[in-house]
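Colleague: The residues making up each chain are set out below.
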Amino acid sequence: MNAEQLVRDTLHEWAEETPPPAGPDLAGRALRRRHRRRATALSVGAAAFALLVGGVAVPVLADGHGDSAAPAAIQSADVSAHPSESPPRHLIAAGDVALSAYQAGRKARTRDGVERTTYTWYLYSPRTQRYEKTPWGWLDVAPGMRRAAVLEKTLPAPRIGILDMATGKVTKWIPLEHQAGGVKWSPDGKRLAVTTYRGYPDIQTADRARFMSHARTGYYLVDVDSGRKEFRPMGAETDNVFTGVGRVDVRWSRDGTLVVVPGPPGGAMEIWLDLDGRLRKAPAYEGPDAPPAGLSPDGRYYTVGDGWLATVKETRTHRTVGVPYGGMTLAWAGNDRLLRWECPPDRHCTRDVGERLVLTDVAGRTRIPLTGYRYADTPQDWEPLITRR
Amino acid sequence: MDDEEERRFRQFVAARSPALIRTATLLTGGDTHAAEDLLQTALAKAAGRWGRLESPEAYVRQVLYRQQVSVWRLLRTRRETTVAEPPDSPGREDTTGAAELRIQLRRALGRLTPRQRTMLVLRYFEDCPEGEVAELLGCSVGTVRSTTHRALAKLRALVPELDPGAVSRNPEFGNSPAEVWK
Numbered sequence: 000m001n002a003e004q005l006v007r008d009t010l011h012e013w014a015e016e017t018p019p020p021a022g023p024d025l026a027g028r029a030l031r032r033r034h035r036r037r038a039t040a041l042s043v044g045a046a047a048f049a050l051l052v053g054g055v056a057v058p059v060l061a062d063g064h065g066d067s068a069a070p071a072a073i074q075s076a077d078v079s080a081h082p083s084e085s086p087p088r089h090l091i092a093a094g095d096v097a098l099s100a101y102q103a104g105r106k107a108r109t110r111d112g113v114e115r116t117t118y119t120w121y122l123y124s125p126r127t128q129r130y131e132k133t134p135w136g137w138l139d140v141a142p143g144m145r146r147a148a149v150l151e152k153t154l155p156a157p158r159i160g161i162l163d164m165a166t167g168k169v170t171k172w173i174p175l176e177h178q179a180g181g182v183k184w185s186p187d188g189k190r191l192a193v194t195t196y197r198g199y200p201d202i203q204t205a206d207r208a209r210f211m212s213h214a215r216t217g218y219y220l221v222d223v224d225s226g227r228k229e230f231r232p233m234g235a236e237t238d239n240v241f242t243g244v245g246r247v248d249v250r251w252s253r254d255g256t257l258v259v260v261p262g263p264p265g266g267a268m269e270i271w272l273d274l275d276g277r278l279r280k281a282p283a284y285e286g287p288d289a290p291p292a293g294l295s296p297d298g299r300y301y302t303v304g305d306g307w308l309a310t311v312k313e314t315r316t317h318r319t320v321g322v323p324y325g326g327m328t329l330a331w332a333g334n335d336r337l338l339r340w341e342c343p344p345d346r347h348c349t350r351d352v353g354e355r356l357v358l359t360d361v362a363g364r365t366r367i368p369l370t371g372y373r374y375a376d377t378p379q380d381w382e383p384l385i386t387r388r
Numbered sequence: 000m001d002d003e004e005e006r007r008f009r010q011f012v013a014a015r016s017p018a019l020i021r022t023a024t025l026l027t028g029g030d031t032h033a034a035e036d037l038l039q040t041a042l043a044k045a046a047g048r049w050g051r052l053e054s055p056e057a058y059v060r061q062v063l064y065r066q067q068v069s070v071w072r073l074l075r076t077r078r079e080t081t082v083a084e085p086p087d088s089p090g091r092e093d094t095t096g097a098a099e100l101r102i103q104l105r106r107a108l109g110r111l112t113p114r115q116r117t118m119l120v121l122r123y124f125e126d127c128p129e130g131e132v133a134e135l136l137g138c139s140v141g142t143v144r145s146t147t148h149r150a151l152a153k154l155r156a157l158v159p160e161l162d163p164g165a166v167s168r169n170p171e172f173g174n175s176p177a178e179v180w181k
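Residue numbers (numbering that gives the first Met the number 0), protein chains in the order written: chain A, 0 to 388; chain B, 0 to 181.
Note that these hints are calculated values from the structure, not bench results. All figures in this text were calculated on a predicted structure; none of them were measured in a lab. Using N, Cα and C, we set each Cβ at its ideal position, and we do this for glycine too. Hints may contain errors.
Beyond 10 Å from chain A on every Cβ pair, some chain B residues (computed) [as the list claims (entries may be wrong)]: (1) D1; (2) E3; (3) T31; (4) A46; (5) R101; (6) G141.
Listed below are the simulated SDA-like cross-link pairs for lysine to any residue, each with C-alpha atoms no more than 25 Å apart in a straight line [claimed, not checked]: (7) A:K189 with A:D254; (8) A:K312 with B:C138; (9) A:K312 with B:G141; (10) A:K312 with B:G137; (11) A:K171 with A:K106; (12) A:K312 with B:S139; (13) A:K228 with A:T216; (14) A:K183 with A:R88; (15) A:K280 with A:R315; (16) A:K152 with A:R209; (17) A:K312 with B:T142; (18) A:K106 with A:P134.
Partial list, computed: chain A residues near chain B (C-beta under 7 Å) [to be verified]: (19) A2; (20) A14; (21) P20; (22) L25; (23) V223; (24) G304; (25) W307.
All chains should be modelled from the sequences, with the hints used to inform the complete structure.
Modeller: Here you go:
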């Protein structure tokens, strides 16, 4: 007997042994579920959660509030979702990326013609398996989610702390001659790009003089293990050119060989420099119109952003894949899945209109909600930090 | 849905659910709870368009297959690409008996990706031609063919007795088209 015949026989035999549905009134339950499906805006609905039961995931049903068809949580080896939580309290993750931290409690106050935005950082704690409120003024989580770089309040801060996420303790302080307002880990988790500011960086003002007292002064490249650091002046006042307001942090290119300096003097939106400070061209698919997701890990797709919208295109043909526009893409969770904001169907896609993080396929047609919705100026307002885990 | 339609829907479920749950159970690799939930979801969809369905059973089956492959693609777990627990000591047990072989084969079927398993169910349980499978799942005939090949290769790797005399393969074998078992 060949393999195909054996498979055939096994499937038929297995099917014959399957008992009829155990639960009573299958039709009645299906009819009730239909009503719930109609009542909810969930794009995936019960089907996704039903399938998660398959021995690898535990959906926890919501406790009677709101949409009872939506589970409060999805846990599988690969996806951790909490569609009822905004801001999240438990780990949000899919594939090899996770929500490592988020800002919440954003408030804007104006004093002396300067609007200052303040917020609180919440960092994922492997110990409590929750996002915990932190005292830090700014932070970034290293790829691997074991260490975080932290800056003390009130920004700008005179030193950087390297935090062990397992214990919640700072294991090392790196002092700085120039005060820092922002920090970014390199993709290999060995170095930091630290942006320095003269004053509190998260401000807006129409008054040039007041802006200058807060403006960026440059950036450090820091080798974390050795503590070796190098400062590059990249100020806002060079050549007396006004370069914008507020936070303009330096960040890394995808491969970590370049840094991107946004809003430098001269009018360009951003410039790309190698680690010796030499001017370079922007890498393909990482220019100003590339949303954070960019090139897929296998290089087959790339994303193009337009405001709060993003489109997925095939690298080989440059053809759009799936729906032409969807919410902003934040990260690839593998070669064929994306983390992105889901826009409400009946509104223009923009920030703060009631969007939530979803996991989608490349085409953007199948969506799994990962978090609850966020809304501006409410306790449900938060800003995610996505990190490779 | 009016009373008459609801009565017909309930009749349909009563008559066809034993057969439908069998397919759902195969699709979920033997997980009866997941199978029942999957079926309930498909039935809920069918109820939503009950008056407009020419063939309710065909529709419910299509929903079963499509849900299984589309949603699982997103929620796939590492379990699908790595075999954490190989079948109980193959080669050391008496696996010559046909019953034992089928038990091993069931375990192996449970370890396929949902997409691979769905292809095998459609091809060898429902006896659908490749073209029909492609239409049902919204993919090309080539994809049906290659996925089926890969699924069979993985089964052979997990249950070497499936093909006596065949070279033993790593359970991970068959993940790229170039490695498809011929």
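Colleague: Return the status of the interface hint for W307 of chain A: holds when the least beta-carbon distance to chain B is below 7 Å, violated otherwise.
Modeller: Result: violated, 23 Å to nearest chain B Cβ.
Colleague: Are the Cα positions of K312 of chain A and G137 of chain B separated by 25 Å at most?
Modeller: holds, 20 Å
Colleague: Holds or violated: K312 of chain A and G141 of chain B, Cα atoms, limit 25 Å.
Modeller: holds, 23 Å
Colleague: Closer than 7 Å between Cβ atoms is the bar; does G304 of chain A clear it against chain B? Give me holds or violated.
Modeller: Hint violated; G304 of chain A Cβ to chain B Cβ min 22 Å, cut 7 Å.
Colleague: Taking 25 Å as the top limit, are the C-alpha atoms of K280 of chain A and R315 of chain A close enough?
Modeller: holds, 21 Å
Colleague: Is K312 of chain A close enough to S139 of chain B, meaning Cα to Cα at most 25 Å?
Modeller: It holds: about 21 Å lies between the C-alpha atoms, which stays within 25 Å.
Colleague: Has the given pair, K171 of chain A with K106 of chain A, been kept, meaning a C-alpha gap of at most 25 Å?
Modeller: With Cα atoms ~31 Å apart, K171 of chain A and K106 of chain A exceed 25 Å; violated.
Colleague: Going by Cβ atoms only, is L25 of chain A closer than 7 Å to chain B?
Modeller: holds, 5 Å
Colleague: For a C-alpha distance cap of 25 Å, please report whether K228 of chain A and T216 of chain A respect it.
Modeller: Judged against 25 Å, a Cα distance of about 16 Å means the pair holds.
Colleague: Holds or violated: K189 of chain A with D254 of chain A, Cα cutoff 25 Å?
Modeller: Holds. K189 of chain A to D254 of chain A sits at ~13 Å (cutoff 25 Å).
Colleague: Between K152 of chain A and R209 of chain A, is the straight-line Cα distance small enough, at 25 Å or below?
Modeller: Answer holds: K152 of chain A to R209 of chain A is near 21 Å, not above 25 Å.
Colleague: Next pair to validate is K312 of chain A with C138 of chain B; report whether the Cα-Cα distance is within 25 Å.
Modeller: Distance of about 19 Å is within 25 Å: holds.
Hint check: violations occur at hints 3, 4, 5, 11, 23, 24, 25; the rest are consistent with the structure.
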